[in-house]
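Participant: Construct the complete structure from the given sequences, taking the supplied hints into account.
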Amino acid sequence: KNQVEQSPQSLIILEGKNCTLQCNYTVSPFSNLRWYKQDTGRGPVSLTIMTFSENTKSNGRYTATLDADTKQSSLHITASQLSDSASYICVVSPTGGFKTIFGAGTRLFVKA
Amino acid sequence: KAGVTQTPRYLIKTRGQQVTLSCSPISGHRSVSWYQQTPGQGLQFLFEYFSETQRNKGNFPGRFSGRQFSNSRSEMNVSTLELGDSALYLCASSRDNEQFFGPGTRLTVL
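Respectively, the protein sequence lines represent chains C and B.
1 is the number of the first residue of the first sequence in my numbering; add one for each residue after it.
113 is the number of the first residue of the second sequence in my numbering; add one for each residue after it.
Keep in mind that the hints were calculated from the coordinates and are not lab data.
Some clues are possibly wrong.
Computed from the model, here is a short list of chain C residues facing chain B with C-beta under 10 Å [as the list claims (entries may be wrong)]:
#1 V4
#2 Q6
#3 V45
#4 I89
#5 I101
#6 A104
#7 F109
#8 V110
By construction, the Cβ of each residue, glycine as well, lies at the ideal position given by its N, Cα and C atoms.
Facilitator: Written as structure tokens, this is what we have:
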């Protein structure tokens with residue numbers, strides 16, 4: 001069964017600190033893996049998108065990595081800001097037209 | 113370029129009523145997907161439309177239905193509303209494997 005699991009479920013960090021969010025998936029093969037940021041009550045916004053052959057993708061202070069051998073992806077946030085407080089969702093799209101699989105998300109709280 | 117728009121943004125209904133939500137995709141996008149998101153839950157896939165045809169469907173009861181028009185705009189309908197249908201309903205339009213979400217419609221069922 002195709003699954004996407006994210007950890008931790010929630011995380012509290014101090015402003016200015018770095019953090020790493022994890023995504024483990026069983027989806028295989030897949031065409032792309034995406035990370036989204038979702039502010040409370042808003043729609044998700046794409047941060048990074050990686051194909052199965054890519055290892056890393058950056059978007060400002062956000063860096064996503066992908067290890068296809070271990071079926072793991074991580075999202076690293078550098079020098080966190082209060083505005084980074086949000087849910088971060090890992091999404092994997094299988095090949096063959098199968099339904100996209102969404103992780104449950106990690107809720108990040110950045111405190112001053 | 114305008115993003116995905118959803119109307120209304122907020123809606124309050126009572127049990128047993130029906131509701132219709134609207135989504136306008138990004139210009140040129142022909143695929144529209146609908147999701148339900150409840151507090152603490154991940155996005156649950158409802159259905160996907162492409163060129164006016166339902167291409168994929170999630171595991172929701174028949175009370176949830178949708179359609180897509182020739183201009184790619186899509187509507188989602190929920191009949192006989194239940195308290196558990198209270199959620200944020202998100203629409204996303206897709207092109208070239210990239211998905212863009214709208215701001216969502218917050219539905220509250222009393």
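Participant: The structure should be examined with respect to each hint, and the outcome stated for every one.
Facilitator: Here is what the structure says about each hint:
About 8 Å separates the beta-carbon of V4/C from the nearest beta-carbon of chain B, less than 10 Å, and the hint is met. Of the supplied interface hints, the one on Q6/C holds, with its beta-carbon coming within about 9 Å of a beta-carbon of chain B, less than 10 Å. The interface hint given for V45/C holds, since its Cβ lies 7 Å from the closest Cβ of chain B, which is under the 10 Å cut-off. Below 10 Å, beta-carbon pairs count as interface contacts, and I89/C has one with chain B at about 7 Å; its hint therefore holds.
The restraint placing I101/C at the interface with chain B holds, with a minimum CB-CB distance near 9 Å, inside the 10 Å limit. Interface hint at A104/C: satisfied, since its Cβ lies 4 Å from the closest Cβ of chain B, which is below the 10 Å cut-off. For F109/C, the suggested interface contact is broken, since its CB lies about 15 Å from the closest CB of chain B, more than 10 Å. Against a cut-off of 10 Å between C-beta atoms, the interface hint on V110/C is violated, since the closest Cβ of chain B lies about 20 Å away.
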